[in-house]
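**Q** Protein chains in written order, with this note's numbering: chain A, 1 to 445; chain B, 446 to 774; chain C, 775 to 1054.
Everything labelled a hint here was simulated from the structure, so no lab data went into it. Each residue gets a CB set at the ideal place from its N, CA and C atoms; glycine is no exception.
Here are the computed lysine-lysine pairs in the DSS-like style, where the Cα-Cα straight-line distance is at most 27 Å:
#1 Lys24/A / Lys908/C
#2 Lys59/A / Lys908/C
#3 Lys909/C / Lys25/A
#4 Lys59/A / Lys909/C
#5 Lys152/A / Lys279/A
#6 Lys231/A / Lys221/A
#7 Lys314/A / Lys908/C
#8 Lys908/C / Lys317/A
#9 Lys314/A / Lys909/C
#10 Lys883/C / Lys484/B
According to the in silico footprint, chain A covers these stretches of chain B (three or more CB under 8 Å from chain A):
#11 513 to 527
#12 604 to 616
#13 630 to 640
#14 718 to 730
#15 733 to 743
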Amino acid sequence: MRRLALMILILSLSWTTFAWAAEKKVVRIWHTETEPQTVAAFQQIINDFEKLNPDITVKQEALAWGDLEAKLTAALAAGAPPDASHGQAVTCASFYAKGLLRDQEDIAEAVGKDNIWEAVRRQCYHGEKYYGIPHSAATSLLIYRKDILKAKGLKTPQTWDELIKVAEAMMEKDKDGRVTRYGLSLPGVGLFINILVGELTKANGGRLFDLATGRPTFTEKPVIEVLDFYKKLSATVLPPGWLGHGYLDTFANLATGKAAMLYQGYGRGAGYIEKYAPKGMANPDHFGVMVKPKGPSGKETAAQIDAEPWMIFKNAKYPEEAAKFLKFFFKEENYIKYLHTVPIHLLPTLKSVRKNPAYQANEMVRKWKEWQDMQYFYFEKDLAKPTLIIDWNDLRLPFGLEILGSGIVPDMVTDAVRGMPSAQAAAKAQARAEELITKLGYKRW
Amino acid sequence: MKKGADPKISSMVPSQESTLPAAPTFVRFWHRIKALQVKKREQIIGLCTIAPALFLILALTLYPVAYSIWLSLLEKHSFFPQERFVGLENYIYLWHDPEFWNSLWLGVVYSVWTIIFQIILGVAAALILNETFVGRGLVRAIVLFPYMIPTIVAVILWKWLLNDTYGIVNYWLLACGIVTAPVSWLGPDHIMFSVILMSIWQFFPFVLLSILARLQTIPPELYEAAKVDGASAVRRFLHVTLPQIRGILFVVILLRSIWMFTKFDTVWLMGEGAGAGRFIRTLPVYAYMRTLTYYQAGLGAALAVIMFAILVVCTVIYFRMFREEADIG
Amino acid sequence: MKRLKWRLNSNRSLIYIGAGLLALQASFPFLWMVSTSFKPPAEVFAQPPAFIPQEPTWDNFRRLFTTTNFLIYFKNSLVVSGSAVLLTMIVSAAGAYSLTRYQYMGREKIAGLILCTYMFAPIMIVIPFFILAKKLGIENTHFALVLAFTSFCLPFTLWLMRAFFATIPLELEEAALVDGAGRVRALVYIVLPLALPGIIATSIFTFILAWNDYIFTRILITSDELKTLPVGVQDLFHSALIDWGLIMAAGMMITIPALLFFLSVQRYLIRGWGAGGVKG
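Just chain A, with the same shape it has in the complex (with noise of 0.2 Å):
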């Protein structure tokens, strides 16, 4: 009897010294595609590679886009970052200033350093070397009522004037005089504020930084004008209370016909247009997209990058594993599973990937085609550009993460669309701003 237990004992050990040797690399892997479908089709990439890698298991995260950075924050402030992760170009750049990522140079040579798209090789390129590759790329899009602007007789406005005229236009009222259909919807939520004001201030052919010094230039006139039409469109064509609208909120607006025009859409949107716009009118012959306008002291519009690159951590528990399943995830068949569960969104960052007729094989690639192609019209002519950033050279600025996180700029916003004049709400921000920078210990000027 004793042998036995003995004996039990002993296998017992040996199997989890066994076990303990053999013991699986866990790689952690955070992103921002939340949708179930990409999150389904995510998980089957991975279990494909787990089966051709059996000692490494790869456990993905799905984090809302404006959860993303706190969390990360909170991560590596615990020394306990996830292996891979998505992130806004500002904070790829953060991280490489501090010194946290591994270069992805042996990816960028696996996928062909050529077959990177050449409009988003800048999202995480620095010192020479790629440290980040975007897992898809989009831009954010004009949508508007095509069929409303027909009926009408209107022209696309090509100037910020000529914007607030044509959603005027659009606007209807019932017998009482009240609006059942508003110009324009935005959303009032912080991070979206940010992404436009970065993207009016280019289209109005101004800056946000001094590219030498950094020190902010909010109160130059390219911003102040911003600000002039934040303060026209509130007066005019949006909701009273769009400051309190969600993201959500304006795609409902969108497709029940409660707002004629999105600045701020996506690709995405045609998804949620399917599901809420009355059947007949899911289609880009009702909901089209427009160039965006340009800006009074402006030369040519902008839009915005959504490229997040895939960052890796160096510091992280298995960075090469990781590195590892991004070179999988970055092959033909894995990579057009991927893109094609959000078509309209998810552009593919490999141009060969894009010529692949398997990829152009979807239905919805084909039926709203119009509105990649004027993604793609953005990217071509340069003229999309991550979130605060004006040229591509911001990214080298170290403080990008701290001033998206601050809140200063969409309260700039929020108090010249109550009532500040413009000049002082941009000198009130720009005072906050240089202290913050200052703060942080980046102030050159």
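Put chains B and C on the given structure of chain A with help from the hints.
**A** Frame of chain A; chains B and C shown alone:
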């Protein structure tokens, strides 16, 4: 109830109160030592049983708080290892920071309005639910719901109700002609009102429950006596009910004040700090933003310490003012 | 006589109106939530909004259970909150018993200390707590969460239990001791039965505190399968294109079990709250 223990016990355990016989001095001495030992043993048991609680409180609360106070003296980036000792510089900075004063004001506005109405509604509701009527049990259960659900559910629910375009509240107000245009409840003008309303709705059941429990223990004879004396309902409330609930009211007001002044979840989830949320950027929200969105952990900690200091001062004043009620068991 | 009867009736009707209003204000938002959760996407935004869906559907629930991790969040919430309550109640019962039954140095100071800990905003504790958890290697675990919940539940329960135990007269135990019972038996047979309503009430309130926590979970937990309901539901709400119908379905699935539970224990709650309530 029969005074004394279970009869089975006394038959099993020998009596402790042994009669001291006329025994030799040695035996008496031995008993006296034993008595002392018992007292000491009692002390040790007492300390041992409070020890786990004390340990947990020290480790889980006081250590983080001490660290926070230390943090407030540093200029530290929330996740990069940049830090610099700056003494009281953070506090001086906040003194001059208009956002700080703004958030303090918003915090006070929020706290005061929510507390006042939570108390009034809670007491009124308790009085109603103290009476017997058909369906009382059901109403008592229903009325506790708002307090039980996670804040995020309550926030989502109210955001849906108050949605300016699709919400049912606006629909009714328009249909009844009370307003002529949809009100943007979550916009800058009304969001403070909305979050106060939502907080009152969510938290007054706590007051209700506390007061109701106390009301149930008030002997009905007191009311009968008052009725016989010809007192009206109002009089009965003032002279019978109010004195009886003073004690619990003292505690409840204190607790709710502390909790509403430091309330983070509800306010943050309603507005998320920016856009319209700027107008409900109370002190706890501002502290959170400084730490986790500006990434300035030192300033965030300083704000938390300031909150604590304000609460301590107010609590001391509160206790002084209502000394008699501060008889907490 | 007639005047008195009229007065009584009007008082009664006032009470019924009051009770009706109370029930209405608490239940209406939920009824609207139930209504929305059964609506197909097109009807959610219909104007004018209808209370009864024209084409009620189970689809929102189906999607909630099959495409999201809702059930996992629910299980996590139950497990973590339950464990936290268990730990807290045991420790605080022992502590409260000690504070009211034994004499030793610093006893009163401890009581004051408890009140002090109330006044620390969770904000103050979260980041240092996180760093502590990281040092111990337990960040992103349920164990850390249980400890976090304990940190803000313990002062609450300790204070309440102390109040409850204080209302149980020492004489009862002393009589038991005279009769020859040991300390432990006196505790089990005398004190606990009397304190039971208070223990139940305190447990329920503590459970609610733990169940509703948002900020500690937000900061400590990073894996989706470990999230509790508040954080899980918020992430669902923020996900691109998750819709109101599904969110309302989630809300309903959180509320219905709680409702049933509360219906069954509301009697104990009120009795327990009053039994150990504050003197005065």
